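Given the structure of chain Z, go ahead and fit chain P onto it with the hints provided.
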Amino acid sequence: MRDTLYLAWRYLAFHRVKTGILVAAITLIVFLPVGLRVIVDQSSRQLTARAEATPLAIGAKGSPTELTLNTLYFSSDVPARTTYAAASEVTATRLASAIPMYVRFRVRGQPIVGTTLEYFGFRGLRIAEGRQIAVLGDAVLGSRAAERLGVGTGGHVISSPESVFDIAGVYPLRMPVVGVLEFSDSADDDAVFVDVKTAWVIEGLGHGHQDLSQPEASSGVLRREGNVVVGNASVMQYNEITPDNIDSFHFHGDLSDFPLTAVIAVPPDQRSSALLQGRYQSAELRQVVSPSEVMDELLDTILTVEKFVIAGAVTVGLATLATAFLVFALSLRLRRRERETLFKIGGSRSAVATVMTSEIVGVLAVGVLLALLLTFLTQRYGDVIIRTLIR
Amino acid sequence: MIRIDGLRFSYGEGDFRLWIPELAVEAGTTTAFIGPSGSGKTTLLNLIAGIIRPETGRVETRNVEVSGMSDEERRRFRITTVGLVFQEFELLEYLTVLDNILLPYRIHSALTLDSAVRERAGSLAERVGISDKLGRHPRRLSQGERQRVAVCRAVLTDPPLLLTDEPTGNLDPVNRERVLDILFDYVKESGTTLVSVTHDHEILPRFGRVVDFREFHSFGEAGVASGNRAEDRANGGAS
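Protein sequences, first through last, are from chains Z and P. Those letters in the first sequence? Residues 1 to 391, per the working numbering, in order. Those letters in the second sequence? Residues 1 to 239, per the working numbering, in order.
Among the clues, some could well be false.
[What the hints assert, rightly or not] Below, a sample of chain Z positions facing chain P; criterion: calculated Cβ distance under 7 Å:
| no. | residue |
| --- | --- |
| 1 | Leu7 |
| 2 | Tyr11 |
| 3 | Phe14 |
| 4 | Asp254 |
| 5 | Lys344 |
| 6 | Gly347 |
[Unchecked claim] Computed spacing ranges between beta-carbons, pair by pair:
| no. | chain 1 | residue 1 | chain 2 | residue 2 | range |
| --- | --- | --- | --- | --- | --- |
| 7 | Z | Tyr6 | P | Tyr11 | 32 to 40 Å |
| 8 | P | Gly129 | Z | Gln379 | 53 to 61 Å |
| 9 | Z | Phe328 | P | Tyr11 | 27 to 35 Å |
[To be verified] Facing chain Z, a subset of chain P residues (Cβ under 8 Å, in silico):
| no. | residue |
| --- | --- |
| 10 | Ile51 |
| 11 | Ile52 |
| 12 | Arg53 |
| 13 | Glu72 |
| 14 | Arg76 |
| 15 | Ile79 |
| 16 | Glu90 |
| 17 | Leu92 |
| 18 | Tyr94 |
| 19 | Leu95 |
| 20 | Asp99 |
| 21 | Leu103 |
| 22 | Arg106 |
| 23 | Ile107 |
| 24 | His108 |
In short, the hints are calculated from the structure, not lab data. All values derive from a computational prediction rather than experimental measurement. Beta carbons are placed, not taken as given, at the ideal position from N, Cα and C, and that holds for glycine.
Okay, chain Z solo, but in the shape it has when bound (with noise of 0.2 Å):
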């Protein structure tokens, strides 16, 4: 058997070029479909569980879907935005607890989530070294992030512009790592979180700046008018909140509209909620949206594309297939001499069975085990590939 067998090999390896056609026609006709069937398995399932772990999220009136998944995997497409006066209503109605999202900003691709520290718990989400959120500028690192950005505690990440170009936009600021978060294998691993008000501060609603009220910032004063100091161009703003200055740092404005993307709402019974939910029926700026609902509709969405997706894979699959073996038969028919030869020569009949069949076996196995090991290697990063088409 091993003699035949190194014949069928030395065969498949002369004609190599032909092999490898064959072998990734056959492979990619068993993976497109189980491989395809794989991915929607496990985004189905990964969808669905963190949407049923978010009960409720309101924001502004728009895209639910936008929405739900801006909330669930801080994707790049930012939602209309709401104000924080929408979690004081939620909390004010006593129906749930509020958590406020800011999901704007980056930091080298890497979402800054700001949020407050409710949200750890509610997410279940552990210090894995340093410790959490204390004052304004700290930031805390999803597993995946610090090792992407190659930060740990102690180290900083700065917020990225939004556009090369926005000369009078958002300013960087340069943040503390003061925590990484335990792996949860989650879109949570991927995030860069900070104090709702630090997002704000980035955004350009907070700031600090030098006190003009001192006497060694009497250059940037442009006139007094009473209490009231104007200050010139000149004057410094920090770009990273410190000990030193972070007593400088304030708000203009009422905090209430300041912008928020989502507010989490987590009522403690489905009565909460249903009656949370009546409330926003007829509101005007506002929605509620049930991230599982939304994601039910989007997957019946995604599983039609499946349908058409995997009925077309299966259709070329089945056109792939019948060339094929319309070339095994031709390879056969050319193959007759070399039959009759070692028949001649006196080759036993399963020896030359084995190497007469050996290109259609060989092929198939080879094709089918690839086929067979990138579904494990999509069954293994499945999960990451979800979480970077999600993004």
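Relative to the frame of chain Z, chain P by itself:
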């Protein structure tokens, strides 16, 4: 070595009929089958080798009735007892020269490929002047070199019977003489029986005996053979 009695053979279609009432080839002799195309020379080689079976009659080789064997027994008989050389060489294009020579040892469990066999393959290749080409594929060899590889493959098992079908048919005169030298030197040294089909009358003097197939007439028309003896030009007394 070979004894044929009352052999009749025809292919399913066509007019071809072969009838050999009696023919014997002694062990250790060299015999050439000559005759016009279609007279049944190659068919007789195939019958002797057990590649095909006669309709009636007996084909005995080394006192064993080949025509009565099963397919698997005849395969085993060929791989262990018969060396075959073809006009078109019939080398496998995807195997190197060495692997082509070793081929019989890879296609039947009756033979075991070991280091002694590999050594013998190497020495045979050296003897026929292709030892420096063992790693090449057949397409990178000349016609003469290919036939030398085929001869090495045929004699590697040290068969007591060597059947060659137009072994020099595709060779130029120089290569023809070289291949024949190799074959006849081997036969002389090993005592192997050589039966060869050829159209090339120039090489007949090398054979101890020549059997002319014009002596074998077709049967069927009247159901009677009109001749039953092969002409023996060298040794006399064909049986």
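For each hint, the structure was consulted:
no.: 1; hint: Leu7; result: 6 Å, holds
no.: 2; hint: Tyr11; result: 5 Å, holds
no.: 3; hint: Phe14; result: 3 Å, holds
no.: 4; hint: Asp254; result: 82 Å, violated
no.: 5; hint: Lys344; result: 5 Å, holds
no.: 6; hint: Gly347; result: 3 Å, holds
no.: 7; hint: Z/Tyr6 / P/Tyr11: 32 to 40 Å; result: 36 Å, holds
no.: 8; hint: P/Gly129 / Z/Gln379: 53 to 61 Å; result: 58 Å, holds
no.: 9; hint: Z/Phe328 / P/Tyr11: 27 to 35 Å; result: 30 Å, holds
no.: 10; hint: Ile51; result: 5 Å, holds
no.: 11; hint: Ile52; result: 10 Å, violated
no.: 12; hint: Arg53; result: 14 Å, violated
no.: 13; hint: Glu72; result: 7 Å, holds
no.: 14; hint: Arg76; result: 7 Å, holds
no.: 15; hint: Ile79; result: 3 Å, holds
no.: 16; hint: Glu90; result: 4 Å, holds
no.: 17; hint: Leu92; result: 6 Å, holds
no.: 18; hint: Tyr94; result: 3 Å, holds
no.: 19; hint: Leu95; result: 6 Å, holds
no.: 20; hint: Asp99; result: 7 Å, holds
no.: 21; hint: Leu103; result: 7 Å, holds
no.: 22; hint: Arg106; result: 4 Å, holds
no.: 23; hint: Ile107; result: 3 Å, holds
no.: 24; hint: His108; result: 5 Å, holds
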